[in-house]
Amino acid sequence: MVVVAVIGAQWGDEGKGKIIDELAMRADLVVRYQGGSNAGHRVVHEKGEFSFSLVPSGILYPDTTCIIGNGVVVDPKGLIAEMEALQEEGVDMSRLYISERAHVVMPYHFLLDRLEEEARGTDKLDGAQRGIGPAYVDKHARTGIRMADLLDVDAFRSKLSTILQQKNRMITQIYNQPPLSLEEIHGEYFGYGLRLRSYIADTQKMLHHALFDHKTVLLEGAQGALLDIDFGTYPFVTSSSTMAANAAVGAGLPPRSIDRVAGVYKAYITRIGNGPMPTGLFDDIGREMRDRGQEYGSINGRERHCGWFDAVAGRFVAQINGLDIAIITKLDVLDTFPKIKICTAYNLHGETIHTLPATLSDLAACEPIYEEVDGWQTST
0 MVVVAVIGAQ WGDEGKGKII DELAMRADLV VRYQGGSNAG HRVVHEKGEF
50 SFSLVPSGIL YPDTTCIIGN GVVVDPKGLI AEMEALQEEG VDMSRLYISE
100 RAHVVMPYHF LLDRLEEEAR GTDKLDGAQR GIGPAYVDKH ARTGIRMADL
150 LDVDAFRSKL STILQQKNRM ITQIYNQPPL SLEEIHGEYF GYGLRLRSYI
200 ADTQKMLHHA LFDHKTVLLE GAQGALLDID FGTYPFVTSS STMAANAAVG
250 AGLPPRSIDR VAGVYKAYIT RIGNGPMPTG LFDDIGREMR DRGQEYGSIN
300 GRERHCGWFD AVAGRFVAQI NGLDIAIITK LDVLDTFPKI KICTAYNLHG
350 ETIHTLPATL SDLAACEPIY EEVDGWQTST
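Residue numbers (numbering that gives the first Met the number 0): 0 to 379.
Hints should not be assumed to be uniformly reliable.
[Said to hold, decoys possible] Under the rule of at most 20 Å between Cα atoms (straight-line distance), these lysine to aspartate or glutamate pairs were calculated in the EDC-like manner:
| # | residue 1 | residue 2 |
| --- | --- | --- |
| 1 | K340 | E366 |
| 2 | K46 | D20 |
| 3 | K340 | D323 |
| 4 | K46 | E116 |
| 5 | K214 | D27 |
| 6 | K17 | D331 |
I should point out that these hints are in silico values taken from the structure, not numbers from a laboratory.
With the hints as constraints, model all of the structure from the sequences given.
Laid out in structure tokens, this is it:
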């Protein structure tokens with residue numbers, strides 16, 4: 000038995016999809032353990048190029064069982080569309096299971112995500128506006144809808160009725176928008192439950208049987224460690240824990256079951272959206288990195304900010320996640336650079352520091368201290 004957790008070790012977009020795809024062919028089970036449809040990646044496979052958002056990419060391998068864990072927030076409409084797109088390409092969905100404990104992203108989550116972002120004015124968090132944050136808010140406020148709730152028409156209606164009264168007060172009284180319809184939401188989402196009924200399961204039980212049978216389990220993280228809700232560049236972070244410690248909780252496994260933690264780094268660093276990035280480059284070098292690396296968001300096509308490798312942030316992530324394995328991707332993007340810089344420390348108000356500051360203002364004030372090495376200037 001081997002259980003491996005794979006995390007992004009930067010601000011996401013490190014190439015986890017390719018690594019997961021390589022490892023998945025040797026895994027018995029692949030489990031997505033956090034996040035939602037705000038995270039996406041493309042996988043180039045012998046069968047073609049595939050886009051994934053919620054479905055684990057291990058679904059491409061006929062002997063691999065795939066699980067969407069209890070730590071994920073699921074947009075059922077988006078999930079069904081993703082499943083149907085994969086089925087049209089000949090991918091078998093019968094090996095996909097969704098935790099009955101996973102929370103559901105509801106229409107009011109999408110709406111409130113947009114309205115709250117608009118209300119921030121110039122202080123926007125610049126998120127994907129896919130309802131992820133509001134869904135996690137409801138989860139922790141104990142007012143969420145879970146996948147199992149979609150399977151009981153009367154219990155679902157009763158629960159939704161209570162929640163929607165609260166949400167509609169916010170929507171109408173705070174944001175001056177028309178209320179949402181109980182009948183429409185109930186009918187639509189109960190329909191999604193019927194469509195997904197055969198996939199919704201006690202995945203925790205499945206995983207514990209897999210451990211007993213000494214199966215190989217791959218735990219697939221979304222986004223990156225520097226977007227973690229606790230240890231990322233708060234508040235420009237995601238709404239879940241992207242750390243390896245959350246892999247066990249989000250999958251439904253005991254912490255000691257994880258044998259190895261692998262962190263995926265890019266040979267340089269990128270970030271999409273707002274928030275400080277000490278080694279960010281807004282010159283020709285940064286643009287060359289973006290063009291050579293095709294650094295555009297897989298969900299919305301937005302340009303990613305690029306910069307030199309940040310070893311300060313990299314060390315921070317390695318320490319807090321207890322990395323056993325570091326995987327470097329996209330070395331080829333730097334093939335033509337005569338000189339390559341690596342940030343090994345920060346200058347913060349005249350003091351040399353070797354860790355990430357906790358406050359946004361301090362991180363924004365950090366100036367990178369570089370070591371420069373000769374580039375290899377050959378194809379990798």
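Mind checking the alpha carbons of K46 and D20 for me, to see if they're no more than 20 Å apart? Answer holds: K46 to D20 is near 12 Å, not above 20 Å.
Check the hint pairing K340 with D323 against an upper bound of 20 Å on the C-alpha distance. violated (25 Å)
Check the hint pairing K17 with D331 against an upper bound of 20 Å on the C-alpha distance. holds (15 Å)
K340 and E366: Cα distance at most 20 Å? Holds - the C-alpha atoms of E366 and K340 are around 14 Å apart, at most 20 Å.
Does the alpha-carbon distance linking K46 and E116 stay inside the 20 Å limit? Distance of about 39 Å is beyond 20 Å: violated.
Do the alpha carbons of K214 and D27 lie within 20 Å of each other, as the hint requires? holds (6 Å)
In summary, the structure is inconsistent with hints 3 and 4 from the numbered list given earlier, while agreeing with the others.
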